[in-house]
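Once you know that position 60 of the sequence shown is 60 in the UniProt record's numbering, the rest is easy, because the numbers rise by one and skip nothing.
Honestly, the hints are just simulated from the structure, not real lab data.
Because the structure is a prediction, the values reported are computed rather than measured.
Note that CB positions come from ideal geometry on N, CA and C, so glycine has one too.
There could be a bad hint or two in this list.
[Unchecked claim] Below, in silico cross-link-like pairs of lysine-lysine (BS3-like), each with a Cα-Cα straight-line distance of 30 Å or less:
#1 Lys31 <-> Lys55
#2 Lys58 <-> Lys31
#3 Lys30 <-> Lys4
#4 Lys4 <-> Lys58
#5 Lys84 <-> Lys120
#6 Lys79 <-> Lys31
#7 Lys188 <-> Lys4
#8 Lys30 <-> Lys79
#9 Lys102 <-> Lys62
#10 Lys31 <-> Lys50
#11 Lys31 <-> Lys18
#12 Lys4 <-> Lys31
#13 Lys129 <-> Lys102
#14 Lys128 <-> Lys30
#15 Lys4 <-> Lys55
#16 Lys4 <-> Lys50
#17 Lys55 <-> Lys102
#18 Lys84 <-> Lys31
#19 Lys129 <-> Lys4
#20 Lys50 <-> Lys18
#21 Lys188 <-> Lys79
#22 Lys4 <-> Lys120
#23 Lys120 <-> Lys30
#24 Lys84 <-> Lys129
#25 Lys188 <-> Lys58
#26 Lys79 <-> Lys18
[Unchecked claim] Derived Cβ-Cβ restraints for the label pairs, each shown as a range:
#27 Ala106 <-> Thr165: 32 to 42 Å
#28 Thr165 <-> Gly83: 31 to 41 Å
#29 Lys84 <-> Phe28: 36 to 46 Å
#30 Gly83 <-> Glu39: 22 to 32 Å
#31 Asn108 <-> Ser27: 46 to 56 Å
#32 Lys128 <-> Gly47: 23 to 33 Å
#33 Ser80 <-> His130: 45 to 55 Å
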Amino acid sequence: MTIKRLGLDIDGTVTSPKTFLPYLNSSFNKKLSLDDLTEYNLANILGIHKDEFFKWLKANEKNIYTNAVIADDAHPILKSWEGKYDLFYISARGNHLLDTTKNWFAANSVPFHHIELIGKHDKIDAIKKHGVDVFFEDKHDNACAIAEECQIPVILFNTPYNQGTVPSNVSRLESWHEARQWIQLHNKSGRA
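I would like the entire structure built from these sequences, with the hints used as guidance.
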């Protein structure tokens with residue numbers, strides 16, 4: 001396959017899946033580690049109602065996203081792809097966070113060609129609209145739906161909260177180095 005355009009989720013993919021932990025632990029008096037996050041729904045992990053969680057998130061999201069830590073080894077790999085691939089970021093963040101998001105990209109020197117904040121987890125329409133060749137994700141059900149409905153490969157970064165079976169065109173990987181190797185192996189255009 002020829003790979004030209006990479007689609008990338010931001011939170012838990014380009015940013016560390018541990019990003020929320022210090023904020024959750026401080027606000028809710030917990031001592032959670034990444035291993036404790038065994039499901040995507042953080043309200044369930046915290047034992048609170050989803051409305052309470054979303055109220056907390058709305059009050060804290062700008063600070064969390066401004067100070068998010070980039071995932072291990074993501075930066076040098078994304079920089080190496082900057083001139084080789086179109087880097088399209090498609091995130092469930094709300095569009096009201098676009099300035100915060102672009103400022104984070106600038107502060108962390110993360111290359112991009114397009115950033116789209118769609119305000120929902122269903123990214124399929126945006127992926128189809130932009131002609132993404134491969135998508136990078138951390139949310140299990142998103143990875144499966146994207147792979148099946150868009151008929152493209154999906155790289156799912158392995159975390160405790162995204163376990164479960166996946167379609168054959170979803171590759172569960174442990175690191176950005178493995179993702180780079182996957183792209184090198186599957187890209188027939190000669191780009192690495």
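> Is the straight-line distance between the alpha-carbon of Lys128 and that of Lys30 30 Å or less?
Replying inline: Violated: Lys128 and Lys30 sit about 40 Å apart, past 30 Å.
>> Lys58 and Lys31 were given as a pair; does the straight-line alpha-carbon distance stay at or below 30 Å?
In response: Holds, because 22 Å separates the two Cα atoms, which is no more than 30 Å.
> Do the alpha carbons of Lys31 and Lys18 lie within 30 Å of each other, as the hint requires?
Replying inline: holds, 13 Å
> Is it true that Asn108 and Ser27 lie within 46 to 56 Å of each other by Cβ?
Replying inline: violated, 24 Å
>> Tell me if the straight-line CA distance from Lys84 to Lys31 falls inside 30 Å.
In response: Violated: Lys84 and Lys31 sit about 42 Å apart, past 30 Å.
> Taking 30 Å as the top limit, are the C-alpha atoms of Lys188 and Lys58 close enough?
Replying inline: violated, 43 Å
>> With the threshold set at 30 Å, check whether the alpha-carbon distance from Lys188 to Lys79 stays at or below it.
In response: With a Cα-Cα distance of about 20 Å, the restraint between Lys188 and Lys79 holds, given a limit of 30 Å.
> Taken at face value, is the distance from the CA of Lys50 to the CA of Lys31 at most 30 Å?
Replying inline: holds, 20 Å
> Could one say that the CB atoms of Lys128 and Gly47 fall in the range 23 to 33 Å?
Replying inline: violated, 38 Å
> Under the criterion that the straight-line Cα-Cα distance not exceed 30 Å, is the pair Lys120, Lys30 satisfied?
Replying inline: With a Cα-Cα distance of about 27 Å, the restraint between Lys120 and Lys30 holds, given a limit of 30 Å.
> Would you say the C-beta atoms of Thr165 and Gly83 sit inside 31 to 41 Å of each other?
Replying inline: Holds, at about 37 Å.
>> Against the 30 Å threshold, does the CA-CA distance of Lys4 and Lys120 hold or violate the hint?
In response: Between Lys4 and Lys120 the Cα gap is close to 25 Å, so the pair holds against 30 Å.
When held up to the earlier numbered hints, the structure conflicts with 3, 4, 6, 8, 12, 14, 15, 16, 18, 25, 30, 31, 32 and 33 and fits the remainder.
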